[in-house]
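Just so you know, the sequences run in chain order W and G. With the UniProt record's numbering applied, the first sequence corresponds to residues 1 to 125, in that order. With the UniProt record's numbering applied, the second sequence corresponds to residues 1 to 595, in that order.
Keep in mind that a hint or two might mislead.
The list that follows gives simulated cross-link-like pairs (lysine to any residue, SDA-like), each with its CA atoms no further than 20 Å apart [claimed, not checked]:
id, chain 1, residue 1, chain 2, residue 2
1, W, Lys114, W, Asp36
2, G, Lys223, W, Lys91
3, W, Lys91, G, Gly204
If you anchor each label on the Cβ, the simulated ranges turn out as follows [stated by the list, open to error]:
id, chain 1, residue 1, chain 2, residue 2, range
4, W, Gly9, G, Gly215, 23 to 31 Å
5, W, Lys19, G, Glu179, 40 to 48 Å
6, G, Gly391, W, Pro22, 24 to 32 Å
7, W, Lys4, G, Lys555, 54 to 62 Å
8, W, Lys93, G, Asp182, 31 to 39 Å
9, G, Ala189, W, Lys19, 49 to 57 Å
10, W, Ile14, G, Ser43, 18 to 26 Å
11, W, Gly9, G, Leu566, 53 to 61 Å
12, G, Gly397, W, Lys25, 35 to 43 Å
Source of the hints: derived by calculation from the structure; they are not laboratory data. Predicted, not measured: the structure shown is a model, and the values here were computed from it. Using N, Cα and C, we set each Cβ at its ideal position, and we do this for glycine too.
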Amino acid sequence: MVQKVEIEGFDAFIEQVDKFKPSGKPIFVLFSGSKDANGKSWCPDCVVAEPVVKGALDKAPDDAIFLYVGVGPRDFWKDRNNVFRTDARTKLKSVPTLMLFGGPQRLEEEQCAKADMVEMLFEDA
Amino acid sequence: MAPISSGASAADIVAQNIQENKVMMFSKSYCPFCLKVKDLFKSLNVAYTTLELDLMENGPEIQEALVEKSGLRTVPNVFVNGEHLGGADKVFETQKNGELMPLINKSDHNYDYDMIVIGGGSGGLAASKEAANLGAKVAVCDFVTPTPKGTTWGLGGTCVNVGCIPKKLMHQAAILGHELKDSREYGWATPESVSHDWSKMVEGIQNHIGSLNWGYRVALRDKKINYLNAYATFTDPHTLKTVDRRGKEKIITADKFVLATGGRPRYPDIPGVKEHCITSDDIFSLPYPPGKTLLVGASYIALECAGFLAGLGYDTTVMVRSILLRGFDQQIAERIGTYMEQNGVKFIRGAVPTSVEQIEEGSPGKYKVTAKTTDGEEITDEYNTIVMAIGRDPCTGGIGLDTINVELAKSGKVVVNSAEQSSIPHIYAVGDIIEGGLELTPVAIQAGKLLARRLYGNGTLLTDYVNVPTTVFTPLEYGSCGLSEEVAIEKYGEDDIEVYHSNYIPLEHTVPHRPENECYAKLICVKSLNEKVVGFHVLGPNAGEITQGFSIGLKLNATKADFDNLIGIHPTTAEVFTTLGVTKRSGKDVNAQGC
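Just chain W, same shape as in the assembly (with noise of 0.2 Å):
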């Protein structure tokens, strides 16, 4: 069963990784545009992909990790210096991107929506 861990901005992000990381088992990570206090997210794509790739988890092998990742409010988001962007580790163009960590797969924007692309992705690991 993949194990699912929600987080908010780059050094939750980059805690769970390290700690993941020694296991060896794929991480999978989705960068979302932050959800408000009602649970939503203000990027409209991150809301479409958001139950595609969960839909498509069971694809995943069993023992992957599976972060979903809030990059920050939309302002924040935008600075195009912000530590998502700029960071070698993520090197982020848009939100919702969907990437396997430390390997070349990676699906943006709309791919994100894309049941049968997302798919690839999970069984790529």
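Following the hints, complete the assembly by docking chain G onto the known chain W.
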């Protein structure tokens, strides 16, 4: 349109036209919407048939019959493959949704796919993506048989994984090393001993390749192309047996096939070679630094690899049987050899290896290579890495082509006509495996794309294999387009050929005092054809960039006068081609002149 007897009823005329014509359009000659739809079909190369109702005596009756048939009174009224499509709005809407071409090209067979492409390299991917764009149902089978050393790679073929991409990046790594030396003369306090980390370079390059492999898979998925990471073998002319890594078998069928299996390096038949030697299939992902390296062969692959290895600081030797760069302009080939020799590459000419023995295990290990010279003398030396680069063989064996009688040339390549069609009409081939073709990625891409357009887009354009520019990425790059001097002389006769040439020194080389006469430019012209340029050759930095631009001139039949009329960009190296004044025949000095 078939002749329609005058006694036929309007309903019969409508029915007959719809049935007999793939794309049938009932139209009026003055109707602007009809014109728009006709223009659309023309732009899509779609053959269509029209009846202009306003020009027909029984037009009104036909229009009534159309109402009866389709519920539509207005024109245009379009039918595709016997089915009613609709008026202009419907046609444009269908086109906008990408559904028009699939509708028109709707298959009339019962196979699993319209097209199966065997081989996911540049040519195969281009053919499959274009065919899918045009509405065909496509599958791609790609399977990399591991090298004897166990190296394997992802989707994308030779160019991306073990060819153009990693070699250009390693070439760049070597150039940077050279420029670091230059940098001191430009004032940078670059330390004398700057070290290079092979593994770090390999990691960076392989990461890039990994992202390209992934990108291709995403693109195939996006276009609904079925990608099978499996080895395909023909069992009959329309059926493949595919076997994946886990040995799982699957049978798939198609109406048409594109062979795009590419080539793999050849090993000489001598003891120890497959156990101890590597090839270009291994070197770009070699996890450890190669150490003292021997490259066997005089192909561009051998010279390019030798060039970047020496540039990265490895002790590098090239063993050559006879001439360098067979098929390329020999004057330039020799100049490349000279330049490489002056820049640290050792050459053993007139020798072939006879055995390879391991002396020490390790990463890298140590090997003794024994070779025989043309004089019969035996020579031996020890190397850490031996790269075989004596040529490439097409991957046309072991895929059942013999069972279905696809004609192969003696070389093992597929015999095709100018439309890339093999001896079996529904089987086509593109890329490195076609007899008489060119082993270049952009050629394969063009051939694959145009083939798909001819098959599914009513295209007519054939791939033009003439005047294809190319570049050898040796330390000093060599770009060429058109004929070598040897071939030009053979074709037109020595008297009818005028060769204009010059050495040159890039401005950037002056400050760091690089040698003056290394770079070279040459135009080969035919006197009786108004000095039409039939060969373009440049040896120098960025030759690929220079050649790409000038090659359009050769495509457009440029003459020497056109080159002379062109105004240069100063200061560039390419501008030398606008001022070539010395003919080879004159024997005058071509040493580089100052500005």
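Hint check results:
no.	hint	result
1	W:Lys114 <-> W:Asp36	violated, 25 Å
2	G:Lys223 <-> W:Lys91	violated, 26 Å
3	W:Lys91 <-> G:Gly204	holds, 15 Å
4	W:Gly9 <-> G:Gly215: 23 to 31 Å	holds, 29 Å
5	W:Lys19 <-> G:Glu179: 40 to 48 Å	holds, 43 Å
6	G:Gly391 <-> W:Pro22: 24 to 32 Å	violated, 46 Å
7	W:Lys4 <-> G:Lys555: 54 to 62 Å	holds, 58 Å
8	W:Lys93 <-> G:Asp182: 31 to 39 Å	holds, 35 Å
9	G:Ala189 <-> W:Lys19: 49 to 57 Å	violated, 43 Å
10	W:Ile14 <-> G:Ser43: 18 to 26 Å	violated, 53 Å
11	W:Gly9 <-> G:Leu566: 53 to 61 Å	holds, 58 Å
12	G:Gly397 <-> W:Lys25: 35 to 43 Å	holds, 42 Å
Hints 1, 2, 6, 9, 10 from the list above are not met by this structure, while the remaining hints are.
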